[in-house]
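Visitor: Spelled out from the first residue to the last, the chains are:
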Amino acid sequence: QQQVKQSPQSLIVQKGGISIINCAYENTAFDYFPWYQQFPGKGPALLIAIRPDVSEKKEGRFTISFNKSAKQFSLHIMDSQPGDSATYFCAANSGGYQKVTFGTGTKLQVIP
Amino acid sequence: GAVVSQHPSWVICKSGTSVKIECRSLDFQATTMFWYRQFPKQSLMLMATSNEGSKATYEQGVEKDKFLINHASLTLSTLTVTSAHPEDSSFYICSARDRHTEAFFGQGTRLTVV
Chain A
1 QQQVKQSPQS LIVQKGGISI INCAYENTAF DYFPWYQQFP GKGPALLIAI
51 RPDVSEKKEG RFTISFNKSA KQFSLHIMDS QPGDSATYFC AANSGGYQKV
101 TFGTGTKLQV IP
Chain B
1001 GAVVSQHPSW VICKSGTSVK IECRSLDFQA TTMFWYRQFP KQSLMLMATS
1051 NEGSKATYEQ GVEKDKFLIN HASLTLSTLT VTSAHPEDSS FYICSARDRH
1101 TEAFFGQGTR LTVV
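Just so you know, the protein sequences line up as chains A and B, in that order.
The first sequence: position 99 = 99 (our numbering), numbered continuously.
Numbers in our numbering are just positions in the second sequence, counted from 1, shifted up by 1000.
Chain A extracted, bound-state conformation (with noise of 0.2 Å):
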């Protein structure tokens, strides 16, 4: 059961240019939404992460758009750059001891 479902699953952004990605999730008792980067050969590292009592979360060039009614969040890379290529995973847990769900994953390539 895909708990957490992710879009695009290949993503081309140009310099400079805006990269977003999209995720939804079924359970609603799902309240800690993480974002993880990772490169290749080596594993996930945080970025940046959202409750659901908040709509929007800025760090930098990385913003988290959160709809609580609509079970949607997504993640936006302003000003993206050639180090930005990676694969990016959206993820849910329930907080806890409980385990994350991940996403399918997106594949994020910068081009000059």
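Where hints are given, some of them may not hold.
[As the list claims (entries may be wrong)] Derived EDC-like pairs: lysine to aspartate or glutamate, alpha-carbon spacing no greater than 20 Å straight-line:
{"no.": "1", "chain 1": "A", "residue 1": "LYS58", "chain 2": "A", "residue 2": "ASP84"}
{"no.": "2", "chain 1": "A", "residue 1": "LYS99", "chain 2": "B", "residue 2": "GLU1059"}
{"no.": "3", "chain 1": "A", "residue 1": "LYS99", "chain 2": "B", "residue 2": "GLU1063"}
{"no.": "4", "chain 1": "A", "residue 1": "LYS15", "chain 2": "A", "residue 2": "ASP84"}
{"no.": "5", "chain 1": "A", "residue 1": "LYS15", "chain 2": "A", "residue 2": "ASP79"}
{"no.": "6", "chain 1": "A", "residue 1": "LYS99", "chain 2": "B", "residue 2": "GLU1102"}
{"no.": "7", "chain 1": "B", "residue 1": "LYS1041", "chain 2": "A", "residue 2": "GLU26"}
{"no.": "8", "chain 1": "B", "residue 1": "LYS1064", "chain 2": "B", "residue 2": "ASP1098"}
{"no.": "9", "chain 1": "A", "residue 1": "LYS58", "chain 2": "A", "residue 2": "ASP31"}
{"no.": "10", "chain 1": "B", "residue 1": "LYS1014", "chain 2": "B", "residue 2": "ASP1065"}
{"no.": "11", "chain 1": "A", "residue 1": "LYS5", "chain 2": "A", "residue 2": "ASP31"}
{"no.": "12", "chain 1": "B", "residue 1": "LYS1064", "chain 2": "B", "residue 2": "GLU1022"}
{"no.": "13", "chain 1": "A", "residue 1": "LYS107", "chain 2": "A", "residue 2": "ASP84"}
{"no.": "14", "chain 1": "A", "residue 1": "LYS57", "chain 2": "B", "residue 2": "ASP1088"}
{"no.": "15", "chain 1": "A", "residue 1": "LYS57", "chain 2": "A", "residue 2": "ASP31"}
{"no.": "16", "chain 1": "A", "residue 1": "LYS99", "chain 2": "B", "residue 2": "ASP1098"}
{"no.": "17", "chain 1": "A", "residue 1": "LYS99", "chain 2": "B", "residue 2": "GLU1052"}
{"no.": "18", "chain 1": "A", "residue 1": "LYS42", "chain 2": "B", "residue 2": "GLU1022"}
{"no.": "19", "chain 1": "A", "residue 1": "LYS107", "chain 2": "A", "residue 2": "ASP53"}
{"no.": "20", "chain 1": "A", "residue 1": "LYS68", "chain 2": "A", "residue 2": "ASP31"}
{"no.": "21", "chain 1": "A", "residue 1": "LYS5", "chain 2": "A", "residue 2": "GLU26"}
{"no.": "22", "chain 1": "B", "residue 1": "LYS1014", "chain 2": "B", "residue 2": "GLU1102"}
{"no.": "23", "chain 1": "A", "residue 1": "LYS71", "chain 2": "A", "residue 2": "ASP53"}
{"no.": "24", "chain 1": "A", "residue 1": "LYS58", "chain 2": "B", "residue 2": "GLU1087"}
{"no.": "25", "chain 1": "A", "residue 1": "LYS42", "chain 2": "B", "residue 2": "GLU1063"}
{"no.": "26", "chain 1": "A", "residue 1": "LYS42", "chain 2": "B", "residue 2": "ASP1088"}
Don't read these hints as lab results, they were simulated from the structure.
Since the structure of chain A is already known, use the hints to place chain B on it.
Guide: Below, chain B alone, put in the same frame as chain A:
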């Protein structure tokens, strides 16, 4: 952020042998550790969750006798792939958390069974 160290980074073993992967939390006490498996160009699939001092809880479809998990201390968990076969070749990733933080991930272990 907190540091989770995984060892080895890569390992090649012969079919039928066993291989052990270690996951250590270096600067915090990991009350819970998670083991994931990732195939090329795919997402991370949770294999099992372990709480320190307790038996691991395996996800549906994961053979607990094949993937032995030990979480004997608050800073160390091990995953042993027993009688490995080529289809076990994959990227294995651990993550760890304490009671107050999100999970932090290790750098992963590339297992190749020949």
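Visitor: Decide, hint by hint, whether the structure agrees.
Guide: Hint by hint, here is what the structure shows:
1. Between the alpha carbons of A:LYS58 and A:ASP84 the distance comes to roughly 16 Å, so the proposed pair stays at or under 20 Å and holds.
2. Our distance criterion of 20 Å between C-alpha atoms is met by A:LYS99 and B:GLU1059, whose separation comes to about 11 Å.
3. Between the alpha carbons of A:LYS99 and B:GLU1063 the distance comes to roughly 18 Å, so the proposed pair stays at or under 20 Å and holds.
4. At most 20 Å may separate the alpha-carbon atoms for a hinted pair to count; A:LYS15 and A:ASP84 meet this at roughly 10 Å.
5. Only pairs whose Cα atoms come within 20 Å are accepted, and A:LYS15 paired with A:ASP79 is accepted, the gap being roughly 7 Å.
6. Pair hint A:LYS99 plus B:GLU1102 holds up; C-alpha atoms about 10 Å apart against a cutoff of 20 Å.
7. Distance hint between B:LYS1041 and A:GLU26 is unfulfilled; the C-alpha atoms sit about 24 Å from each other, more than 20 Å.
8. Under the criterion of a C-alpha separation no larger than 20 Å, the hint pairing B:LYS1064 with B:ASP1098 is inconsistent with the structure, at around 24 Å.
9. A hinted pair counts as satisfied when its Cα atoms are at most 20 Å apart, and A:LYS58 with A:ASP31 qualifies at roughly 18 Å.
10. Among the hinted pairs, B:LYS1014 with B:ASP1065 is consistent with the structure: their alpha-carbon atoms are about 19 Å apart, no more than 20 Å.
11. The straight-line distance between the Cα atoms of A:LYS5 and A:ASP31 is roughly 16 Å, inside the 20 Å bound, and the hint therefore holds.
12. With a C-alpha separation of about 17 Å, the suggested pairing of B:LYS1064 with B:GLU1022 holds against the 20 Å cut-off.
13. Restraint check: the Cα-Cα separation between A:LYS107 and A:ASP84 comes to about 10 Å, which is no more than 20 Å; the hinted pair holds.
14. Our distance criterion of 20 Å between C-alpha atoms is broken by A:LYS57 and B:ASP1088, whose separation comes to about 39 Å.
15. Taken as a hint, the A:LYS57 and A:ASP31 pair is honoured in the structure, with Cα atoms around 15 Å apart against an allowance of 20 Å.
16. Of the supplied pair hints, the one linking A:LYS99 and B:ASP1098 holds, its CA atoms being roughly 13 Å apart against a limit of 20 Å.
17. Of the pairs offered as hints, the one joining A:LYS99 and B:GLU1052 holds, with about 15 Å between alpha carbons and a cut-off of 20 Å not exceeded.
18. For the given pair, A:LYS42 sits about 16 Å from B:GLU1022 by alpha-carbon distance, which is consistent with the 20 Å threshold.
19. For the given pair, A:LYS107 sits about 29 Å from A:ASP53 by alpha-carbon distance, which is inconsistent with the 20 Å threshold.
20. Distance hint between A:LYS68 and A:ASP31 is fulfilled; the C-alpha atoms sit about 10 Å from each other, no more than 20 Å.
21. Under the criterion of a C-alpha separation no larger than 20 Å, the hint pairing A:LYS5 with A:GLU26 is consistent with the structure, at around 9 Å.
22. As the CA atoms of B:LYS1014 and B:GLU1102 are separated by approximately 36 Å, the hinted pair breaks the 20 Å bound.
23. The straight-line distance between the Cα atoms of A:LYS71 and A:ASP53 is roughly 13 Å, inside the 20 Å bound, and the hint therefore holds.
24. Proximity of A:LYS58 to B:GLU1087 is assessed by CA-CA distance (about 42 Å); at most 20 Å being required, the pair is judged violated.
25. For the suggested pair A:LYS42 and B:GLU1063, the alpha carbons sit about 25 Å apart, so the restraint of at most 20 Å is broken.
26. A distance of roughly 19 Å separates the Cα atoms of A:LYS42 and B:ASP1088; the hinted pair therefore holds under the 20 Å criterion.
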